[in-house]
Each structure stands twice: as structure tokens, then as C-alpha cells.
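Same order as they appear, the protein sequences are chains A and B. Take the first sequence: its letters are residues 1247 to 1504, numbered as in my numbering. Take the second sequence: its letters are residues 993 to 1138, numbered as in my numbering.
The set of hints was computed from the structure by calculation and includes no laboratory data. Accuracy of the hints is not assured; some may be wrong.
[Claimed, not checked] Not close to chain A: a few residues of chain B, all C-beta gaps over 12 Å, as computed:
#: 1; residue: 1006
#: 2; residue: 1020
#: 3; residue: 1080
#: 4; residue: 1082
#: 5; residue: 1124
#: 6; residue: 1127
#: 7; residue: 1128
#: 8; residue: 1132
#: 9; residue: 1133
[Said to hold, decoys possible] Distance ranges between label pairs, derived from CB positions:
#: 10; chain 1: B; residue 1: 1094; chain 2: A; residue 2: 1399; range: 34 to 42 Å
#: 11; chain 1: B; residue 1: 1065; chain 2: A; residue 2: 1334; range: 22 to 30 Å
#: 12; chain 1: B; residue 1: 1033; chain 2: A; residue 2: 1280; range: 42 to 50 Å
#: 13; chain 1: A; residue 1: 1454; chain 2: B; residue 2: 1013; range: 39 to 47 Å
#: 14; chain 1: A; residue 1: 1294; chain 2: B; residue 2: 1093; range: 41 to 49 Å
#: 15; chain 1: B; residue 1: 1091; chain 2: A; residue 2: 1454; range: 20 to 28 Å
#: 16; chain 1: A; residue 1: 1334; chain 2: B; residue 2: 1045; range: 44 to 52 Å
#: 17; chain 1: B; residue 1: 1013; chain 2: A; residue 2: 1461; range: 38 to 46 Å
If you're wondering where the values come from, they're calculated on a predicted model, not measured in any experiment. Even for Gly, the Cβ is constructed at its ideal location relative to N, Cα and C.
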Amino acid sequence: MSELNQEISQEKSQTVLSPTKSVKLRISRSNPEVNSEERFDEFVIPVEKYTTVLDAILNVKSHLDHSVAVRYSCRQASCGSCGMKINGKPALACFTKVVELNTDTITVEPMDNFPIVRDLAVNFTRMFNNHKKIMPYVVREDSEIKPDTGVKEILQTPEDVDKYIQFSSCIKCGLCNSACPTMAMDTSFVGPQALAQAYRYIADTRDKGKDNRLKIIDDSHGIWRCHFAGSCSQVCPKGVDPAMGIQLLRSYLLGLRD
Amino acid sequence: MEKENKAKEGIKGWINPAKYGKFGIERFAWILMRITGLGLLAYFIGHIYETSHILDGKAVWDASLEMTQTTEGHIFLAIVIGMCVYHTGNGIRLMLGQMGYGLGKPGRPDYPYKPKSLNMKGKACIYATIGVAALAMWYGMAVMFG
Ligand code: SF4
Ligand code: FES
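Model the full assembly from the supplied sequences, consistent with the hints where possible.
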């Protein structure tokens, strides 16, 4: 008990947590409201076995520079807020342990292919609009459960669920859109996030919105812009595998599935 | 409203070599597909131009054919062979994927979430296609340089 108390008081007194290891954290700083310049501020941060990149950034905010702009919420890879480029690769800052990066210098930058709000925070408006566009909900007339009308829950077998369950893990973090080479050139492209969600609902046996959704994505900035570079699946932190969803979605449009 | 600063990477997002280490062989296959596609389009246009010389008489036609009988011409043709073979082989892999073959089956994802669509079969196809394209180039060179 006394040991625990000691630890707490040590933390309060801001003692360096782990004198054994520290890393250099380079944070991209920019504010498009003011000018188009980007600079990197460097901080030396103590790290321990389970320190995440988000912890390191918050350490900077708590002790060294409070003005660093970063978006986060759950700190457990659930809310999708903390996506950024970590040493050049899009990843969740709360889901990336510093020691896993095997380097003494960590560079964090805002995700590519999103407008920057400030520093590490980007604007998700376009991604959310594309997400809404594909009707991310089960479409059917009788979706309300009304006991008096005899409408019941719609049963599915485990096999039915397996067809879409992985795609329903999407946390809308935007890492896939950031990694996608088509997004790098075409800002009107609907993007792997929304396309994977289109598949998620089309593959759901309860849904009746397939034809409408296919019409929406069968567009010059829609599904045919994907050329299966696979980078979306490479960076997805939740195992959604958007590239698989997109290819399976195409087989509906090619008439190979119904 | 904030400006659309860095809203897209542009061509940097395609050619930055750092991407290929981080995003795997599938991303490399993708850029190679683009480059060979553009190369073959340029070759196709050049080829139509070259063969149109047939209308200008035998002397002009012979002279234009001579261009491919040089060392540079042979190397150029070997590159065209490589581009053709790679673009065809990788194109077949992509078409099969788009038809839903070789992607694995969707299911409950388990940590560490290895994407099934980027599986060993697909990777092996990419390496094999690059290998066959290199072999075809080598064979073409062997024939052309006698
Ligand atoms: S598909 Fe994956 S990477 Fe893309 S937004 Fe969803 S969770 Fe993030
Ligand atoms: S803070 Fe919620 S996903 Fe990282």
C-alpha cells in the first residue's frame, strides 16, 4: 500500500517516469488559417514499456507545450479520433506503442488526403459525407418491430452474420482514406471507408437497399477508381480489410452475385 | 472554414518511394501497373505513328524499321516486352480479384487483424508475374542480340 502511495506522489511531483529510456518526438505544426507553413517541433519524452504515441503527445501537452492540437477521445482504438501519420505510416496514436516502433525518433504528422484543421487534427467532413451518402443503415420497409402487427426481429444465421461482421468493425478513423493512392489524386473519390460500408450493408441479409447503393457507387468517382493497391487494408487498425469489401462489391456490379 | 491545406497528396502519393516499404508489395504492384500502362499507351501511339510510314514509300518504311535494329532499339523493345507481360499477368490477377476470387472469405476478424485480401497467394502471383516479365525480357534480349 505504501509503495502505491509513493508511486502516486512521485507522479504528482512530476518525476521523470522512466529514467532508462527517452525518445525524440517530432510533431508537425501548422495552422492553415494563418499561413501554409509547416514546421517540426522536437521534444524529448520519457517512455515506458506501454507508452503509446498518444501518451507521448499528451505528455508534451501536459508538460512542455500545451498548444499542440491533437484529437483523441477513447484512448483504446474505439472512437477513431486519433489517426495520424506515425513515422510516415497512417496509424492510431493510441494503438501504437512507442517501443514497437523500434526507433529513438518518432515523427508525427497529420493524415494525408484530409484538410488540416491545425497541427495533427484533420477535418473529417468529406469522409463523413461520403459515409452518409452510401446509406449506412439497414434499408427495409418493415424494420420497426411492432408486436401488434406481427412484425418480428429478423433472424440471421451465424453464416449470414459472418458475411458482414468484419466490415461493421469500422470506427471511421480515416486511416484507409489517408493511405489510398487514389484519394491522393482524386478528392471526389468516395474512398475505401465508404465503399467498405456499402458492402457491409449490401451483404446484410436484412437489407433491401442494394440497388440504390450500387447506383450511388457506380460512378466515375466511385468504385471503379479503386485499383486494388491494398494500402487501405494494410493500415486498417480494426481488421475491416476494406480492399476485400471493395472487390466483393464489384462482383455485385459485374453480375456475379446477387 | 479552414483552407483545403494538404487535402490531397497529389502525385507525391504515387511516387514517394517510402510508401513502398510501408505499404507492401501490393502497392508496388499497383505503381508498376500504372507505369507499364502509361508506357504501353505511349508505345501504342508511337507504334501507330511508325507503321503509318508505310504510306510514305519503301525507303521511309525501311528507315523507320532500322531504328529498332540498334542497341537502344533492342533495349527499348525488351522493355516493351517486359511491360506487356507484367501488365497482362497482373491484370489477370486484378480481374480475378474483382470477380471475388483469391480474396479469402469474410469472417470475424481476430487480432492482430492480418488482412485476408492481401494474402500469400496474391503476393506469390505478383512475384511470379515480375519474375516471368524479367524472364521474357531476358529471352527477348537473347534473341535480338543474337
Ligand atoms: S475501414 Fe478501417 S481504416 Fe478505414 S475508417 Fe474503418 S476502421 Fe478506419
Ligand atoms: S483515441 Fe479513440 S481511437 Fe485513439
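Comparing the hints with the structure gives:
no. : hint                         : verdict
1   : 1006                         : 6 Å, violated
2   : 1020                         : 9 Å, violated
3   : 1080                         : 16 Å, holds
4   : 1082                         : 10 Å, violated
5   : 1124                         : 20 Å, holds
6   : 1127                         : 24 Å, holds
7   : 1128                         : 23 Å, holds
8   : 1132                         : 27 Å, holds
9   : 1133                         : 30 Å, holds
10  : B/1094 to A/1399: 34 to 42 Å : 36 Å, holds
11  : B/1065 to A/1334: 22 to 30 Å : 41 Å, violated
12  : B/1033 to A/1280: 42 to 50 Å : 43 Å, holds
13  : A/1454 to B/1013: 39 to 47 Å : 45 Å, holds
14  : A/1294 to B/1093: 41 to 49 Å : 47 Å, holds
15  : B/1091 to A/1454: 20 to 28 Å : 25 Å, holds
16  : A/1334 to B/1045: 44 to 52 Å : 49 Å, holds
17  : B/1013 to A/1461: 38 to 46 Å : 39 Å, holds
Consistency note: the structure conflicts with the earlier hints numbered 1, 2, 4 and 11.
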